[in-house]
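Undergrad: Modelling step: build the complete structure from the supplied sequences, incorporating the hints.
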Amino acid sequence: MVTLANALKLSAEHPDQYQTPSAEDKAPLRPGNLVKIRFESQGWIEGMWVRITHRHGRDLQGTLENAPFLLDAVLARGDTITFSLDNILDIEN
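Its first residue numbered 1, the sequence shown is counted upward by one per residue in full-length UniProt numbering.
Treat the hints as calculated values from the structure; they're not laboratory data. Worth double-checking, as some hints may not be accurate.
[What the hints assert, rightly or not] List of simulated lysine-lysine pairs, DSS-like, C-alpha gap at most 25 Å:
| hint | residue 1 | residue 2 |
| --- | --- | --- |
| 1 | Lys36 | Lys26 |
| 2 | Lys9 | Lys36 |
| 3 | Lys26 | Lys9 |
TA: What follows is the structure, encoded as structure tokens:
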């Protein structure tokens, strides 16, 4: 089972390691944009890029752009990922 990290919580707990995008930075996100999400499974953690394909308010869906290295048994490039604005660690400009 794969879970997605809450980026806001990570940033609050570890501000020196995680500086998440502001609400203003996330507001204009739309299909085609790339965002970084932290995936966790069975003690393994991997941050990967997801290309947004759909957005409905705070809820988004996208395709995994990376080929997982640590989580290759549970995720594959091209997988559909459902996430929220709270899961976004970074935005590719």
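Undergrad: It remains to establish, for every hint, whether it holds in the given structure.
TA: Hints and how they fare:
1. Lys36 to Lys26: Roughly 12 Å between the alpha carbons, so the hint for Lys36 and Lys26 holds.
2. Lys9 to Lys36: 15 Å, holds
3. Lys26 to Lys9: It holds: about 16 Å lies between the C-alpha atoms, which stays within 25 Å.
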